[in-house]
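K.L.:
Here is how the chains run, residue by residue.
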Amino acid sequence: MRIPPSILAAFICCLVPLAATDSIPAPVNWNENPNCPRTRALNNIRQFRSEGYQVRDGYWTGVLTRGQPLVLDLHLFSGNNYWFSAASCDASTLLRISLFDSKGNPAGSEPVAEPGRATALISVARSGRYFLRLEMTEGDKAETSVVYSYK
Amino acid sequence: MSLRPSIMALCLLAMSFPASANDQPLTREEMQSTLFVETVAIPSPGEFFLALDKECQPNWTQFDSPPAASTADREFIAIQLGILMTDGYIAVQARDAQDLRNIGIDILVLAKKLNASQNLLTRSQSIGDFAEKGDWKTLREELDASQNDVRLALIEQMDYNLVTLAATSAWVRQMGIAAKVLVENYKPAPSALLVQPALAGHFLARLRSLPERNRNSPIVQQFITGIESALSEMELASASFMAKPSVEKIAITMSGLTTLAFAPPAKP
Numbered sequence: 001m002r003i004p005p006s007i008l009a010a011f012i013c014c015l016v017p018l019a020a021t022d023s024i025p026a027p028v029n030w031n032e033n034p035n036c037p038r039t040r041a042l043n044n045i046r047q048f049r050s051e052g053y054q055v056r057d058g059y060w061t062g063v064l065t066r067g068q069p070l071v072l073d074l075h076l077f078s079g080n081n082y083w084f085s086a087a088s089c090d091a092s093t094l095l096r097i098s099l100f101d102s103k104g105n106p107a108g109s110e111p112v113a114e115p116g117r118a119t120a121l122i123s124v125a126r127s128g129r130y131f132l133r134l135e136m137t138e139g140d141k142a143e144t145s146v147v148y149s150y151k
Numbered sequence: 001m002s003l004r005p006s007i008m009a010l011c012l013l014a015m016s017f018p019a020s021a022n023d024q025p026l027t028r029e030e031m032q033s034t035l036f037v038e039t040v041a042i043p044s045p046g047e048f049f050l051a052l053d054k055e056c057q058p059n060w061t062q063f064d065s066p067p068a069a070s071t072a073d074r075e076f077i078a079i080q081l082g083i084l085m086t087d088g089y090i091a092v093q094a095r096d097a098q099d100l101r102n103i104g105i106d107i108l109v110l111a112k113k114l115n116a117s118q119n120l121l122t123r124s125q126s127i128g129d130f131a132e133k134g135d136w137k138t139l140r141e142e143l144d145a146s147q148n149d150v151r152l153a154l155i156e157q158m159d160y161n162l163v164t165l166a167a168t169s170a171w172v173r174q175m176g177i178a179a180k181v182l183v184e185n186y187k188p189a190p191s192a193l194l195v196q197p198a199l200a201g202h203f204l205a206r207l208r209s210l211p212e213r214n215r216n217s218p219i220v221q222q223f224i225t226g227i228e229s230a231l232s233e234m235e236l237a238s239a240s241f242m243a244k245p246s247v248e249k250i251a252i253t254m255s256g257l258t259t260l261a262f263a264p265p266a267k268p
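Protein chains in written order, with my numbering: chain A, 1 to 151; chain B, 1 to 268.
Hints may contain errors.
[To be verified] Straight-line C-alpha distance at most 27 Å; calculated DSS-like pairs for lysine-lysine: (1) LYS180/B with LYS137/B; (2) LYS54/B with LYS137/B; (3) LYS151/A with LYS137/B; (4) LYS103/A with LYS244/B.
[As the list claims (entries may be wrong)] Here are a few chain B residues that sit away from chain A, every Cβ distance over 10 Å (derived from the structure): (5) LEU26; (6) PRO66; (7) VAL195; (8) ALA243.
Treat the hints as calculated values from the structure; they're not laboratory data.
Yeah, the Cβ is synthetic: ideal placement off N, Cα and C, and Gly gets one too.
Please model the complete structure; the sequences and the hints are all you need to start from.
P.N.:
So this is what it looks like as structure tokens:
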């Protein structure tokens with residue numbers, strides 16, 4: 001029996017975010033409706049395209065719960081500037097993005113938070129490993145996405 | 001003793017606004033439970049080459065894609081696909097529309113062999129249009145999206161092994177090109193771009209976790225050995241620079257892997 005690709009995709013979509021993904025490729029999101037958190041996060045940083053920022057076609061999507069921050073691994077290069085953007089599908093939530101260097105010390109500019117979305121900028125002086133912490137400061141839990149752009 | 005008003009004001013401010021969570025370092029638990037999401041944690045070749053360009057202004061036209069030898073071996077095809085994806089970014093850096101079109105055709109041919117070309121046809125048309133207009137910034141985004149299209153198509157087919165091989169070879173190609181640029185006009189500061197031990201470790205882990213049949217194939221074994229060697233050089237380096245002999249070694253190792261990828265063994 002051949003499984004239709006859309007069902008397969010939805011199945012993978014459900015499975016992948018559950019894994020702390022060292023062995024499985026990153027989360028996949030085929031849902032491109034305007035209210036999905038990824039689209040909202042992308043809209044949030046598209047404003048910087050006029051400043052020369054290019055949007056990366058990569059993202060994290062999952063359910064973010066208050067009191068359970070998420071810490072993502074990053075590798076950033078000196079000389080580049082990066083805008084990180086997060087958005088949830090629930091505008092009543094408040095999110096906060098914080099950036100840290102390889103030793104876990106705060107890095108980047110003061111983050112900006114608005115209802116249901118947040119951004120943070122970093123101008124990288126030293127190439128290497130960085131971390132992004134995403135937390136919900138108001139609300140209970142919501143599907144949330146993180147995307148970024150660079151120049 | 002009376003405190004000066006400005007000091008008192010500062011003390012009051014500090015009491016009124018306790019340090020935000022953003023001022024606090026990550027805890028040890030947080031550092032140990034980070035999530036490695038490939039499409040976020042692994043930089044795109046576009047990001048890497050942009051940083052390299054700012055540091056070294058290399059002559060991007062000097063890099064040619066290796067001539068592809070035809071093969072039906074899916075592992076080799078995936079590896080070649082990853083390398084050509086990176087070469088697409090080199091053509092963008094070189095602002096060479098014709099080269100980009102040629103690479104696009106090669107990518108389509110290889111992706112078709114893996115049954116992963118569904119979305120690429122439309123994408124390749126828009127890549128051609130943007131190249132014609134010289135919209136290089138949008139082209140980087142389009143290449144990024146193409147890479148993701150292939151990745152998603154392979155995931156949909158559950159070809160996770162091929163996703164691993166294509167991602168690894170794309171990174172190996174970037175490292176080889178960057179090391180070559182950096183060794184030609186060595187300066188300590190830009191050499192830090194090559195210090196990527198977490199990424200090297202990640203690719204090694206992915207290759208080592210391939211099913212035994214894939215893991216034991218000669219090309220995968222050569223990639224494992226090559227990345228192990230690059231990782232050793234990265235571990236010798238400091239966070240702020242890599243010594244010239246290490247850069248040279250990475251350049252030789254990574255370009256050797258690229259050559260091997262385009263010389264698949266003939267079928268007996």
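K.L.:
Hints the structure violates: just list their numbers, smallest first.
P.N.:
Hint check: 5, 7 fail, others pass.
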